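Since the structure of chain A is already known, use the hints to place chain B with the ligands on it.
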Amino acid sequence: MSKIEIRGIYKLFGDDPEKHLEQAKAGMSKEQMLADNGHTIGLRDISLSIEAGSIFVIMGLSGSGKSTLIRHFNRLIEPTAGEILVDGQNVMELGTRDLETFRQQTMSMVFQRFGLLPHHSVLDNAAYGLKIQGKGRKEREEKATHWLEQVGLAGFEQQFPHQLSGGMQQRVGLARALATDAEILLMDEAFSALDPLIRREMQDQLLALQAKLNKTIVFITHDLDEALRLGNRIAILKDGELVQEGTPEDILLHPANDYVQSFLQDVNRGKVLTASHALSRGSLTLTTRTQPAKALQLLQDKARDYAPVLDGKALRGVITVASVQKAQADGARDIANYLDDVTSVPADTGLDEVLGHMLREQQPLAVTGENGEFVGWLSRSKVSELVSPTPEESQ
Amino acid sequence: MSDNFPQVFDARGMRHSIDQFVEGLVTNYADVLETISAPFLHMLVWIEQLLRTAPWWSVVIAVGVIAWLASRRILMALGMALMLCVVGLLGLWDQGMQTLALMIMSTAISVIIGIPVGIMMSRFSWLRRIMLPVLDVMQTMPGFVYLIPVVMLFGLGKIPAIIATVIYAVPPLIRLTDLGIRLVDQDVLEASRAFGANPRQQLFGVQLPLALPNIMAGINQTTMMALSMVVIASMIGARGLGQEVLLGINRLEVGRGLLAGTAIVVLAIIFDRITQAYGKRQTAGGNS
Ligand SMILES: Nc1ncnc2c1ncn2[C@@H]1O[C@H](COP(=O)(O)OP(=O)(O)OP(=O)(O)O)[C@@H](O)[C@H]1O
Ligand SMILES: [Mg+2]
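Residue numbers (this note's numbering), protein chains in the order written: chain A, 1 to 395; chain B, 1 to 288.
Chain A on its own, in the form it takes in the complex (with noise of 0.2 angstroms):
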């Protein structure tokens, strides 16, 4: 179910941007939008959906719109045109009352620019949302407590935030969202004014919170490699024009055009792309009850050196046309015992790690699954492609 729904979303920012809104659907750029009337179109026809439970990460260059489309998720910039579903709820129909009860339950957002309270202790600041809730004092508190503890933060609560550091003041944000329990988290940038090393560390921060609860996240990046190791998909805005959406490695594997691309360039793709990009394919199995003749006549017939020997959907190892005619001359009732031992790597590695397995062993490489279950081989071919593609390849 989709969580977050918007639909064909205009933004027109300037006086009077009704009037102009036509001349920005019937395609006028935005720069001829700003010479002609002095109105910059920030957002132009944007739809998206996103998944309950997953991370979607909005990519783009500086002015790209993504932080007027983040702010249409709850409203903090009233779109021109268009519609914006939350759990099915059109947000657009809702009056004063109702759309802070929104902003107070159901999304929580995180700021570039911390946008913490200067005047109130770090206790405060995390427990501003459930001030706004109405909640006790009490229940502030332990709350407030708990997830400046989850975030790293015991015993800073009586400090203000203009003694932390950024990053410190970052995780104070990051803990005031969590703290409302809202079922959406907006990211603005979150991230970005860290340095690498706190970065990756929150970032592995909120893979786990995530895995922990579930939520919602919209995250704004910058940055290629965060995008693609957080999120589940990826949206590319250019120019307040939506250019691509897909998965991490739709993204990777088939970029749109282009100003996907040219994000591409710098990707650590050997870190992205697993081996379960790489393999080949169809596979001849075996099992550990198949009988020496049948397997060699298998063997044969697909023109293989080798088969993997599975026992259930567990590997077991790989035999070779030769142990499979030293079974049959030994007149074994099957090839269980002349198995010859395989490596094998999760689907889930990395290419990079993948590439060390390839230079390190001359035989085949076996991709198994989360439960130990063959996949197929990798392709040595495959891989030499993925982490350094041909020009034409990536076109």
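Heads up, a few of these hints could be off.
Distance windows between CB atoms, simulated [what the hints assert, rightly or not]:
1) Arg200/B - Asp87/A: 20 to 30 angstroms
2) Asp10/B - Gln32/A: 49 to 59 angstroms
3) Met224/B - Asp15/A: 33 to 43 angstroms
4) Asp45/A - Ser125/B: 29 to 39 angstroms
5) Gln32/A - Thr140/B: 43 to 53 angstroms
6) Met92/A - Met152/B: 54 to 64 angstroms
7) Asp15/A - Asp10/B: 38 to 48 angstroms
8) Arg137/A - Ile74/B: 25 to 35 angstroms
9) Thr140/B - Met92/A: 48 to 58 angstroms
10) Asn268/A - Ser125/B: 47 to 57 angstroms
11) Arg137/A - Val45/B: 35 to 45 angstroms
12) Gln158/A - Ile74/B: 18 to 28 angstroms
So, partial list: chain A residues that the calculated Cβ filter (under 7 angstroms) puts toward chain B [stated by the list, open to error]:
13) Leu76
14) Arg103
15) Gln104
16) Met109
17) Arg113
Only some residues are given here: those of chain B computed to face chain A with a beta carbon under 7 angstroms [claimed, not checked]:
18) Pro149
19) Asp187
20) Val188
21) Ala194
22) Phe195
23) Gly196
24) Pro209
25) Gly279
In short, the hints are calculated from the structure, not lab data. What you are looking at is a predicted structure, and each value in this text was computed from that prediction instead of being measured. Note that CB positions come from ideal geometry on N, CA and C, so glycine has one too.
This is chain B with the ligands only, laid out in the frame that chain A set:
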């Protein structure tokens, strides 16, 4: 001197009709205005009585305590208490207390009027467009000009003195409240909106606290300007240090004028230091 500047309209006639308008007001509304202003008068008299009848040392201690509350510095509190003693040493304790009462009253009224008006101005840009020129006029129009109608309406005494003082002293507070609220960090305000704060919660939880240093600067300005009005106020019947200065001028008694003037300066310093210290502490406690 030349009298032949073209006469576009009848300025002389206009003067006349203004006079008549004010006279009309006086005859029709003087009673009403007196009823309205009565509670203020009572309050002022009450404060004045309190300050004048209380033993001098209790007032000195009270000022010291207030200074300490504002600054949390013991030295500051002692200094302010000693300053107040100077007024007494100059032989002007009683007049000083009268002036102090007038100051407290007009500052209080200025705050009651100034802060809400400043808040409204920061909310509604149309109101700001109207108010800014009005404030300019209030600050530049010579005090004597509006003393005339005020005196006509209220008669000589304390009420017109307060009104004249407030008119002159409230503009900086209005300006600085408006400015302070508009300068509040928009990111913080947005965050509070994002968490569902209603306008009242935004105002009292974010805007006013963050604007407080500016508002305190405004109150500081207001007290300074109010003090500079005491001499003029004394011309319409407010007694106190201003009256002493006025007497000094009238009788060409330089000594009398100078001592009273010094006492006014001393009061000014006390007000200034206390309000500033409070404002500074607000800034320091919050954002660095
Ligand atoms: N209040 C506003 N008035 C006019 N134009 C605006 C306003 N807010 C945003 N814009 C315009 O909308 C466009 C998108 O801005 P937005 O802040 O959403 O970009 P962004 O993708 O978040 O950029 P960044 O990565 O720098 O934060 C910009 O061209 C900006 O000029
Ligand atoms: Mg932004």
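Numbers of the earlier hints that this structure fails to satisfy, in rising order: Violated hints: 18, 25; rest satisfied.
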